[in-house]
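J.: In case you want the letters, here they are:
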Amino acid sequence: MRPLDRNGMAERVARDIPEGWLVNLGIGIPTHVADFVPADREVIFHAENGVIGMGPAPAPDQINPFLINASTTHVTLRTGGSYVHHADSFAIARGGHLDLCVLGAFEVAENGDIANWARSPDEPVKQVGGAMDLAIGAKRLWVVMEHTTREGAPRLRRRCSYPLTAKGVVKRVYTNLAVLDVTPRGFVVLDMIPGLTLDALQARTDAPLTT
Amino acid sequence: MINKFVPTAADALSGIADGSTILIGGFGDVGIPTLLLEGLIDQGARDLTIAIVAGGRDGSAIERLLAAGRVRKMICSFVRPASLAGRLLQRGDLEVEIVPQGTMAERMRAAGAGITGFYTPTGADTLLAEGRETREIGGKLCLLEYPLPGDVALIEAWCADRWGNLTYRDSARNFNPVMAMAAALTIAMTRNVAELGEISPEHVVTPGVFVDRVLQVPL
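Protein sequence lines correspond, in order, to chains A and B. In terms of the numbering used here, the first sequence opens at residue 1 and continues consecutively. In terms of the numbering used here, the second sequence opens at residue 212 and continues consecutively.
Keep in mind the hints are simulated off the structure, nothing from the lab. Keep in mind that a hint or two might mislead.
[Stated by the list, open to error] Derived DSBU-like pairs: lysine-lysine, alpha-carbon spacing no greater than 30 Å straight-line:
hint, chain 1, residue 1, chain 2, residue 2
1, A, Lys126, A, Lys171
2, A, Lys126, A, Lys167
3, A, Lys167, A, Lys139
4, A, Lys171, B, Lys215
5, A, Lys126, A, Lys139
6, B, Lys215, A, Lys139
Produce the entire structure from the sequences given, and follow the hints as far as they go.
T.: If you want it as structure tokens, here you go:
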């Protein structure tokens with residue numbers, strides 16, 4: 001079995017985004033999801049710094065120094081895109097206008113809790129950014145992350161051990177091993193990489209899995 | 212390809228349920244989505260709650276909607292006693308909620324922005340605050356106001372593209388952009404159509420993400 005790499009995970013998420021959705025992509029692997037949506041499928045990407053209709057990264061000689069995304073890297077604007085101020089941008093996020101938000105996370109619990117901003121309550125430097133607004137506001141929240149930590153500890157858990165970003169909001173998780181829906185009866189496996197068994201996936205997961 | 216244009220008023224207004232709350236743009240005679248209101252009368256939804264700044268002049272499309280008996284409740288800032296709305300109110304045939312104009316706009320903004328309530332000094336020590344929650348903030352008495360979301364918004368734009376990006380003409384902007392944010396289904400009529408990208412990204416007033424259907428109605 002070959003676990004997906006970061007691009008593979010981003011590509012897998014992109015496959016499930018239909019034309020016409022308004023989508024916010026978080027920092028890290030989520031940012032790469034846009035690279036795998038074909039240009040003729042009109043998905044409107046929102047960046048919380050006020051960009052609606054974000055396009056791919058520009059060629060090095062085409063950089064517009066005034067146009068960046070929420071990860072502060074240079075992007076382009078698709079034809080039809082527009083700009084709003086920060087409060088209106090978060091009105092889009094909080095007001096239920098995003099069809100989808102894709103975030104990275106440290107942990108996701110079987111009840112849909114997400115932890116993605118601090119590893120412990122006494123961590124000296126906390127980075128919350130826009131995640132709390134996005135997590136409670138989007139019509140659906142998907143998480144993309146490695147199935148386990150580098151040390152092999154499960155990230156899909158009965159309950160999160162890290163401080164929460166929001167409670168009960170995650171609808172689906174994409175990992176390097178599987179795609180799982182978060183349902184009232186916990187994690188349901190939709191899809192696994194070739195060669196992986198449910199038992200092997202369960203061994204890498206804290207919360208019980210069903211199919 | 213995203214294309215929010217619909218060919219007819221009937222398409223624009225299809226599916227509006229009885230009992231809906233409908234936000235209606237415009238101020239005075241300017242920025243009112245008259246052809247969508249005519250379409251709403253034809254569409255036939257009843258038992259409606261409408262939110263509009265004022266009750267509508269004699270001969271206006273709002274007056275025709277009221278005369279057709281489709282409106283149960285009106286949320287507004289003004290009702291002239293001599294208007295049809297005023298007469299219906301006095302006869303007990305129309306429920307009216309009077310809201311200060313700035314509060315009305317802000318309640319819709321809150322609905323669109325996912326803000327679940329806010330305090331304002333407007334009206335806090337007046338008749339309109341009787342029996343409602345107030346608290347002192349920064350030495351001022353303030354009134355708790357709740358969001359005003361719509362099931363539907365009917366708005367008028369000046370120019371639109373196929374993504375639903377909108378611009379407005381002069382003071383016809385008024386309530387239209389905030390209503391576009393505040394409704395689950397936003398239906399715009401536009402006088403003009405632009406190619407995608409023709410409206411500068413800096414000049415889009417209502418991004419198409421707030422708009423669901425667009426009907427072109429040439430002047």
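J.: Quick one, are A/Lys126 and A/Lys171 close enough, alpha carbons at most 30 Å?
T.: holds, 25 Å
J.: Starting from A/Lys126, check that the Cα of A/Lys139 is at most 30 Å away, please.
T.: holds, 26 Å
J.: Would the hint linking A/Lys171 and B/Lys215 be met if the CA-CA limit is 30 Å?
T.: Holds, at about 28 Å.
J.: CA of A/Lys167 to CA of A/Lys139, is that 30 Å or under?
T.: Since the Cα atoms of A/Lys167 and A/Lys139 sit roughly 14 Å apart, the hinted pair holds (cutoff 30 Å).
J.: Against the 30 Å threshold, does the CA-CA distance of B/Lys215 and A/Lys139 hold or violate the hint?
T.: The hint holds at about 20 Å.
J.: Given the hinted pair A/Lys126 and A/Lys167, is their alpha-carbon gap at most 30 Å?
T.: OK: A/Lys126 and A/Lys167 at ~18 Å, within 30 Å.
Taken one by one, the earlier hints all hold for this structure without exception.
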